[in-house]
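Protein chains: 2
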Amino acid sequence: MSVLTPEATRLIESDALAHLVTLNRDGSPQLSCVWVGLDGDEIVSGHMMKRLKLKNVERDPRIVLSIESPSANEMGLKEYLVVHGSARVEEGGAAALLQRLAHIYMGPDAVFPPPGIDAPGWVLRITPERLGGVGPWA
Amino acid sequence: MSVLTPEATRLIESDALAHLVTLNRDGSPQLSCVWVGLDGDEIVSGHMMKRLKLKNVERDPRIVLSIESPSANEMGLKEYLVVHGSARVEEGGAAALLQRLAHIYMGPDAVFPPPGIDAPGWVLRITPERLGGVGPWA
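Residue numbers (the working numbering), protein chains in the order written: chain A, 1 to 138; chain B, 1 to 138.
Be careful, since some hints might not be right.
No copy is singled out in the list; a pair is fine if it fits within one copy or between any two copies.
Capping the alpha-carbon separation at 20 Å, the derived lysine to aspartate or glutamate pairs in EDC-like fashion look like this [as the list claims (entries may be wrong)]:
no., residue 1, residue 2
1, Lys78, Glu13
2, Lys78, Asp118
3, Lys78, Asp109
4, Lys55, Glu90
5, Lys50, Asp118
6, Lys50, Glu7
7, Lys78, Asp15
8, Lys78, Asp41
9, Lys55, Glu91
10, Lys50, Asp26
11, Lys50, Asp60
It should be emphasised that the hints constitute simulated quantities derived from the structure, not laboratory data.
Required output: the full structure, derived from the provided sequences and hints.
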């Protein structure tokens with residue numbers, strides 16, 4: 001049973017960026033913005049290079065991510081979703097996932113990764129454990 | 001000498017939300033979106049209640065924050081600023097700061113905090129140490 005509500009699902013599947021936080025070796029927070037989608041109950045992102053966030057997750061799976069909503073609450077404050085979760089790194093599948101997400105984030109005709117880049121890459125898979133933020137999911 | 005570039009300064013002073021990350025007692029990341037502005041070389045946010053992020057910062061000053069830019073780079077990827085920094089909590093001054101920021105985030109006629117709420121509150125003061133993300137600051 002996923003913790004994701006229909007409103008949270010819609011935002012995760014939209015063209016809004018996810019601010020993804022992982023933990024560095026020294027315990028400090030690391031943050032980068034990524035494209036995200038859903039694969040079943042998991043939030044997924046695709047990576048052609050094994051950068052810091054993937055190495056961090058292999059050592060400590062605790063992550064948090066946030067996504068801004070286009071809506072505002074009754075006080076006029078902008079709504080946003082926070083997802084606390086546990087992440088794991090899977091080899092392969094990055095290019096196909098990035099191409100699927102490029103249609104959402106860049107446009108229906110987008111080609112991404114650029115032609116000629118066809119390494120297997122890595123997919124980050126996040127199991128959502130708890131929602132927060134401001135909005136109908138909090 | 002601040003690490004902030006003119007482009008980073010403009011984004012911090014805009015109406016874009018900051019995704020602020022602090023560290024919980026157990027080392028896990030905590031995230032919430034806040035209004036931010038500048039006071040000299042420090043990034044500041046105002047808080048009427050002493051919530052988790054302020055208590056976290058008093059224990060561990062390491063923070064990271066991110067702000068989405070309205071611009072995109074030459075590949076069509078949305079730009080965003082990441083600021084790594086060190087934060088401290090100062091008592092008082094929250095209402096005046098929130099009212100100043102409300103003019104930027106809510107509109108020129110906004111009254112915030114709502115009338116009747118006039119506790120001294122707390123101001124979070126962040127010293128930027130390093131910039132990252134995607135854009136002219138990275």
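Structure-based check of all given hints:
1. Lys78 with Glu13: Answer is both: 19 Å inside a copy and 17 Å across each meet the 20 Å cutoff.
2. Lys78 with Asp118: neither (39 Å within a copy, 22 Å between copies)
3. Lys78 with Asp109: between (31 Å within a copy, 17 Å between copies)
4. Lys55 with Glu90: Only inside one copy: Lys55 and Glu90 sit 12 Å apart there, 36 Å across copies, limit 20 Å.
5. Lys50 with Asp118: For Lys50 and Asp118, the Cα distance is within 20 Å only inside one copy (14 Å; across copies 49 Å).
6. Lys50 with Glu7: Close neither inside one copy (32 Å) nor across copies (29 Å); limit 20 Å.
7. Lys78 with Asp15: This pair counts as both: shortest intra-copy Cα distance 17 Å, inter-copy 11 Å.
8. Lys78 with Asp41: Neither way: Lys78 and Asp41 sit 26 Å apart in one copy and 26 Å across, limit 20 Å.
9. Lys55 with Glu91: Classified as within; 13 Å inside a copy, 38 Å across copies.
10. Lys50 with Asp26: within (19 Å within a copy, 27 Å between copies)
11. Lys50 with Asp60: Answer is within: at 15 Å inside a copy they meet the 20 Å cutoff, but 29 Å across does not.
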